[in-house]
Amino acid sequence: MNTLRFASVDIGSNSVRLLFCNVTDSDAGVSFKKAELIRIPIRLGDDVFLKGRISKDKVDRLIMAMKAFNQLRKVFGAIDYMACATSAMREAANREEVVAKVKKETGIHIEVIDGKKEAQLIYSNRQDDLLDPKNAYLFIDIGGGSTELTLWSKGKTIASKSFNIGTIRLMYDKVERTTWNGFKEWIRANTILDTPIIGVGSGGNINKLYKLADRKHDQPLTYKKLKSMSDALESMSMEERIHGMGLNPDRADVIVPASKIMLAVMKNAHIKDLIVPQVGLSDGIIHALFNKRRK
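So for the sequence shown, this note's numbering puts the first residue at -5; every next one is plus one.
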């Protein structure tokens, strides 16, 4: 039996996630166990989706986060790491300048990944032994700037696409009607199957909605339950969501847009049940690092 520790950085439009994970490889198989997950709400999407570039203040905060990550890597003894940036960084006019500055001041190389690679990394979290081949599964990852969809059926991926539809974009009314319509049309066109489809949701907001629904790990979140939760949250003020529901301020404003995106996916794909394994891009990066090490 051999246990290795890896680290990943997910630089999203809403937050930066630092994950430290233990990976144990034994005769019984490979297990992934989170050692620590740190979420830092820098919210790059506020700058990029409204002004087109990342401000000096947020670049400085990102650099401080990466310096802290360097120290934590040493403390945790991580043998390898990868830092990936998604939608907001992809679209920032000054992304090359930001990546270069972070590299110069911290030594951390940030890989700005496209939507296709983001979807592949998220999908790598799947546990094939837990997927029933009689069903089809739509993997749905909702972030601040984009939503990634991957359809799995009969043991293989049959469709995958990234859309510039995310919680921060929706909150600021930055999703064009044509983009939204194209999103729904793609879902309808690619989910005409002869097997039922089960949703597999990921992303911080979906994880939080699942916890608020008080579901156990193996219990699905139904469309009906998610719709009632979304309606209830939308009727609340920010103060009520923060004080009454115990949400952080940076979660309280985007959780309703997240629920609306998920409901749109489920409705157009005719999905009744959503399972939430509570993994995401940062976990997918860990899988990629382990597979690279194994090879």
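One or more of the hints may lead you astray.
In silico DSS-like cross-links for lysine-lysine, where the CA-CA straight-line distance does not exceed 27 Å [unchecked claim]: (1) K45 / K128; (2) K150 / K286; (3) K27 / K45; (4) K111 / K150.
Computed beta-carbon distance windows for the label pairs [stated by the list, open to error]: (5) N16 / G46: 35 to 45 Å; (6) Q65 / K148: 40 to 50 Å; (7) R287 / E228: 23 to 33 Å; (8) G176 / S25: 16 to 26 Å; (9) D188 / P35: 35 to 45 Å; (10) A258 / G101: 13 to 23 Å; (11) N129 / E91: 45 to 55 Å; (12) Q65 / A183: 44 to 54 Å.
No wet-lab data here; the hints were simulated from the structure. Idealized CB from N, CA, C, for every residue including glycine.
Comparing the hints with the structure gives:
no., hint, verdict
1, K45 / K128, "violated, 47 Å"
2, K150 / K286, "holds, 21 Å"
3, K27 / K45, "violated, 39 Å"
4, K111 / K150, "holds, 17 Å"
5, N16 / G46: 35 to 45 Å, "holds, 40 Å"
6, Q65 / K148: 40 to 50 Å, "holds, 46 Å"
7, R287 / E228: 23 to 33 Å, "violated, 45 Å"
8, G176 / S25: 16 to 26 Å, "violated, 40 Å"
9, D188 / P35: 35 to 45 Å, "holds, 43 Å"
10, A258 / G101: 13 to 23 Å, "violated, 41 Å"
11, N129 / E91: 45 to 55 Å, "holds, 46 Å"
12, Q65 / A183: 44 to 54 Å, "holds, 48 Å"
Figure legend: structure checked against the earlier numbered hints; hints not met, in rising order: 1, 3, 7, 8, 10.
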